[in-house]
Amino acid sequence: MPKRKLLLSLLILLPFPILIASLFIGTYPIDPLTVLSMIAKRISDPYGASPWPEVYDTIVFNVRLPRVLLALVGGLALSVSGASLQGVFRNPLVDSYILGVSAGAGLGAALGIAYLSDVPGSVQALSFTMGFIAFFTTYTVAKSKGETPTISLVLAGVIVTALFSALLSIIKFFTEAEKLAGVVYWMMGSLAVTGWGPLSQAAPLVLLGFAVIFLMRWRINVLSLGDEEAKALGVNVERDRFIVLLASTLMVSAFVSVAGIIGWIGLVVPHTVRMLLATPDNRVVIPVSASLGAVFLMVADDLARSVVSFELPVGVITTLVGAPFFLYLLKMRGGSAWK
Amino acid sequence: MKTSLLSVVVIAVIAVASVGMLIAGGYLDGGSAVNIVDMSGRTVHLNHTVNRVVILESYWTEIACALGAEDKIVGIGSYVTPSVFVPDSVKSKDVVGNIFSGVNIETVLALDPDLVIMDYGYGKAAETVQALEGAGIPVITLYAKSFDDIINATMIIGQALGASESAQSLAGYMSSLHSQLLSNASSIPTEERPRVLICNLDVWKEGQIYAYSNTSWGNVVVDVGGINVAHERFGGMQWVKVNVEQVLLWDPDIIVIIGRTQPILSSQMDSMDDPIWHSLRAVKEGRVYPVLSGSYDRESYLDWTPRMVVGELQLASCIHPAHFASLNWTSAWDWLISNYYGYLQG
Amino acid sequence: MEVVRISRLEFSYGELFSVRADSLAVEEGEVLTLLGPNGSGKTTLLKCINALLKASGAISICGRDIRSYTRNELSRAIGYVPQAHAPSFPFTVFDVVLMGRVSYLNIFQQPSKADYMKAEEALSTVGISSMRDRVYTNISGGERQLVLIARAIAQEPRLLLLDEPTAHLDFRNQITTLETVKRLSRERRIGVVMSLHDPNHALLYSDQIALMKGGKILHKGPPGEVVNEETIEEVYGLPVEMIGHSGRKFILPKV
Chain H
646 MPKRKLLLSL
656 LILLPFPILI
666 ASLFIGTYPI
676 DPLTVLSMIA
686 KRISDPYGAS
696 PWPEVYDTIV
706 FNVRLPRVLL
716 ALVGGLALSV
726 SGASLQGVFR
736 NPLVDSYILG
746 VSAGAGLGAA
756 LGIAYLSDVP
766 GSVQALSFTM
776 GFIAFFTTYT
786 VAKSKGETPT
796 ISLVLAGVIV
806 TALFSALLSI
816 IKFFTEAEKL
826 AGVVYWMMGS
836 LAVTGWGPLS
846 QAAPLVLLGF
856 AVIFLMRWRI
866 NVLSLGDEEA
876 KALGVNVERD
886 RFIVLLASTL
896 MVSAFVSVAG
906 IIGWIGLVVP
916 HTVRMLLATP
926 DNRVVIPVSA
936 SLGAVFLMVA
946 DDLARSVVSF
956 ELPVGVITTL
966 VGAPFFLYLL
976 KMRGGSAWK
Chain L
500 MKTSLLSVVV
510 IAVIAVASVG
520 MLIAGGYLDG
530 GSAVNIVDMS
540 GRTVHLNHTV
550 NRVVILESYW
560 TEIACALGAE
570 DKIVGIGSYV
580 TPSVFVPDSV
590 KSKDVVGNIF
600 SGVNIETVLA
610 LDPDLVIMDY
620 GYGKAAETVQ
630 ALEGAGIPVI
640 TLYAKSFDDI
650 INATMIIGQA
660 LGASESAQSL
670 AGYMSSLHSQ
680 LLSNASSIPT
690 EERPRVLICN
700 LDVWKEGQIY
710 AYSNTSWGNV
720 VVDVGGINVA
730 HERFGGMQWV
740 KVNVEQVLLW
750 DPDIIVIIGR
760 TQPILSSQMD
770 SMDDPIWHSL
780 RAVKEGRVYP
790 VLSGSYDRES
800 YLDWTPRMVV
810 GELQLASCIH
820 PAHFASLNWT
830 SAWDWLISNY
840 YGYLQG
Chain S
83 MEVVRISRLE
93 FSYGELFSVR
103 ADSLAVEEGE
113 VLTLLGPNGS
123 GKTTLLKCIN
133 ALLKASGAIS
143 ICGRDIRSYT
153 RNELSRAIGY
163 VPQAHAPSFP
173 FTVFDVVLMG
183 RVSYLNIFQQ
193 PSKADYMKAE
203 EALSTVGISS
213 MRDRVYTNIS
223 GGERQLVLIA
233 RAIAQEPRLL
243 LLDEPTAHLD
253 FRNQITTLET
263 VKRLSRERRI
273 GVVMSLHDPN
283 HALLYSDQIA
293 LMKGGKILHK
303 GPPGEVVNEE
313 TIEEVYGLPV
323 EMIGHSGRKF
333 ILPKV
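Going down the list, the sequences are from chains H, L and S.
Per my numbering, residue 646 is the first one in the first sequence, and the count goes up by one each step.
Per my numbering, residue 500 is the first one in the second sequence, and the count goes up by one each step.
Per my numbering, residue 83 is the first one in the third sequence, and the count goes up by one each step.
Treat the hints with care, since some could be wrong.
Computed far set for chain H versus chain S, every beta-carbon distance over 12 Å [said to hold, decoys possible]:
| no. | residue |
| --- | --- |
| 1 | I663 |
| 2 | I675 |
| 3 | L714 |
| 4 | F859 |
| 5 | R919 |
| 6 | V961 |
| 7 | Y973 |
Distance windows between CB atoms, simulated [as the list claims (entries may be wrong)]:
| no. | chain 1 | residue 1 | chain 2 | residue 2 | range |
| --- | --- | --- | --- | --- | --- |
| 8 | L | D611 | H | L975 | 58 to 68 Å |
| 9 | S | G145 | H | K790 | 27 to 37 Å |
| 10 | S | R270 | H | L972 | 43 to 53 Å |
| 11 | L | R551 | H | M833 | 52 to 62 Å |
| 12 | H | R649 | S | E84 | 44 to 54 Å |
| 13 | L | N827 | H | S689 | 57 to 67 Å |
| 14 | S | L135 | H | F818 | 19 to 29 Å |
| 15 | L | E605 | H | I804 | 26 to 36 Å |
Derived by calculation from the structure, the hints in this document are not laboratory data.
Think of the CB as a built atom: it goes at the ideal place given N, C-alpha and C, for glycine as much as any other residue.
Model the full structure from these sequences, guided by the hints.
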């Protein structure tokens, strides 16, 4: 099927033109042709003197590029975790945050903001750690007699999310107004970052998690048959599922710890991919979700920085675009990606 | 020399005029039963001299203390306790809640206050006022967005707590310094006015920058002879979230960083230690000024209290050090301490 | 060679219900049917043989203690066709069959050319190559049963376990399925253990029958010895009569 191969290649390569186009967008007026020649110059002659003002270099390569790459990495992380968790849980309503990671990360960030604001990097470190603690709590609560049925995991995730949210409310209640605003803004999610720092913190962990899930993409198909069948086919269900959950948590926590909570990508993108390609086969769904997720978040962030002259929280845009689009898909297709 | 002579004359004229206006405005009633028009335009009737008052916000508490009425305070809001400008005797009073999470009416009733003073217009203010008045407790609502509001609030608090004379002289002093500053700054020609970004860098999530545009801090920059870069682009908006690219586009002459505590200021300064920030003119020329606001540090002046006038002088000397060389903001603070904030010593 | 031997197996769900099997063995190319009414313990026994449930007693698969097998090894020895399969994703038939190869791959491996060929071969062995690109969730119950058998064949097992392979199938599909099972067992020398609840099917397609009731095996042996009016009545609690026709025996209910 050469037509299908062509579609797949286009989808996989789509992030690259979007990445370049995203470098054109910003408050500082630099025309796209200049940006293109700057990129060409960077690639062909990286150490030669630059004919453009110094501030152009700063803006394109140290302000826009790390931000666009963070969007790419984040979109990939959220949509791949969504796709893999939906497979493992055999449930279409599962998203990246089902295991309580967002509630944990939010609590961690709030703790950092309220009590450790003097320690640099404490917010990121705490939110990453608490994301993991939330996941392990969920997993431990769900485990009984050496098994962790998916239904128990979903329920435990709901419980842990509720608990961590309640703890977050307590911190919000006792913290002063200014820090409260800090917590609220953190939770909204934003990709406004300065320089390469946040990207260099998040990207290696996200890519590690992605590598694991990418390699396990076919095995996730088998896991999606259900515990008993997968086991009968020779899968060590407990171990393999744990590795998928761990890799997914790694990606989501790493990204959320630098960007805050950005919703809907993990739900919308994998579904769109399944409908678009008319297959649930994770061997294509996972890589194409990675690519479309990256595109979605890059475009959403382009909107966040260009629709109005100030910064909009990108999480609000992903929800405003994602939720109605999802509704449209459901109405049009009657959930046919699942049946 | 000519400037300071002029200043003295201006101060004197304004002081006399203010007192005159205040008398005409009915603030100096003197009788024990008074009607006070508060800042939300409500007329509050007080039958007798207030002896027991509950105040929800730290700035109004601070003004009451500066006017010598700290003994009348029987209850406070939860955001009062962190203020270092409120005496410990007041901080140890019962905490009744705050405007965001609401006030425990029973706690207030148990304190049997003659009056409650609080902000209006946000949080649970409306419900709280309704509940308190329903329980028969008079409420004065205040809200400050400008220097004049602080003067107004000082007068209202003074009148309500039987400290009108003290309030008048404090307001007179503040007004005169403020007017002197304005008239002085107005002589600065446009081409000598520096472009200023006054902002706050989120220390919790890297990359978020909140520019003060049409806010009182943002407007002080204009009052003291600067150009607020955020006004150019965002005019009427108050706090604007921008990214570093916008700051590079502005490339301001001066950056004023606002924060409530020294650690928050220094972590903001630390987050500017990045090649991107280093390419900015203000950073290259060493014209980045960390300035405290609020009431967490004894060196904070920008707040809704008499200290505001000192804060204005402080910003003036950051923005136009040469022009305002003769204005000594520390001596203004010393004067306030010796005349109104005596309780802070010792 | 014996592909499975069970001795003194016991499994209990709490105190309410337990399943026991003192001695059972199946040779290569032989079909053993577990026959009995609903709730007699057939499915439980099959799951014990596949180590999906941990029973006490001894099970040996191809002469080796089942406890010495890893999950992977066991799935290369035992193909399992589950009952009442509820698919959640619309995989193609070929993708489903290909999943039978998972026990030959490590956790990070993708199926290779060789695995694709094994899956194709399993499809053609079962005779459903023409269905390879159809969507598994859109085919009939009988076709699905054949796909699951093909998937089990792709596991290249020595032993095939089928849990009520004829349930929910129409008359023709029941026979097609059972014919396929019997043929595979003969052609590939696979030992088969399946559960059925229709005595006539058991009579037609079994080499051995174990009659089960209340978690116990009451009778076992070749069909001609085990199935008669008394034993069927004992197990099903229903008066029946046995008739012969063209050399074969059939059980009819007395109504």
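Against the structure, the hints:
{"no.": "1", "hint": "I663", "in the structure": "holds (28 Å)"}
{"no.": "2", "hint": "I675", "in the structure": "holds (44 Å)"}
{"no.": "3", "hint": "L714", "in the structure": "holds (26 Å)"}
{"no.": "4", "hint": "F859", "in the structure": "violated (9 Å)"}
{"no.": "5", "hint": "R919", "in the structure": "violated (8 Å)"}
{"no.": "6", "hint": "V961", "in the structure": "holds (32 Å)"}
{"no.": "7", "hint": "Y973", "in the structure": "holds (21 Å)"}
{"no.": "8", "hint": "L:D611 with H:L975: 58 to 68 Å", "in the structure": "holds (60 Å)"}
{"no.": "9", "hint": "S:G145 with H:K790: 27 to 37 Å", "in the structure": "holds (31 Å)"}
{"no.": "10", "hint": "S:R270 with H:L972: 43 to 53 Å", "in the structure": "holds (51 Å)"}
{"no.": "11", "hint": "L:R551 with H:M833: 52 to 62 Å", "in the structure": "violated (43 Å)"}
{"no.": "12", "hint": "H:R649 with S:E84: 44 to 54 Å", "in the structure": "holds (48 Å)"}
{"no.": "13", "hint": "L:N827 with H:S689: 57 to 67 Å", "in the structure": "holds (59 Å)"}
{"no.": "14", "hint": "S:L135 with H:F818: 19 to 29 Å", "in the structure": "violated (50 Å)"}
{"no.": "15", "hint": "L:E605 with H:I804: 26 to 36 Å", "in the structure": "holds (34 Å)"}
When the structure is compared with the earlier hints, violations turn up for hints 4, 5, 11 and 14 and for no others.
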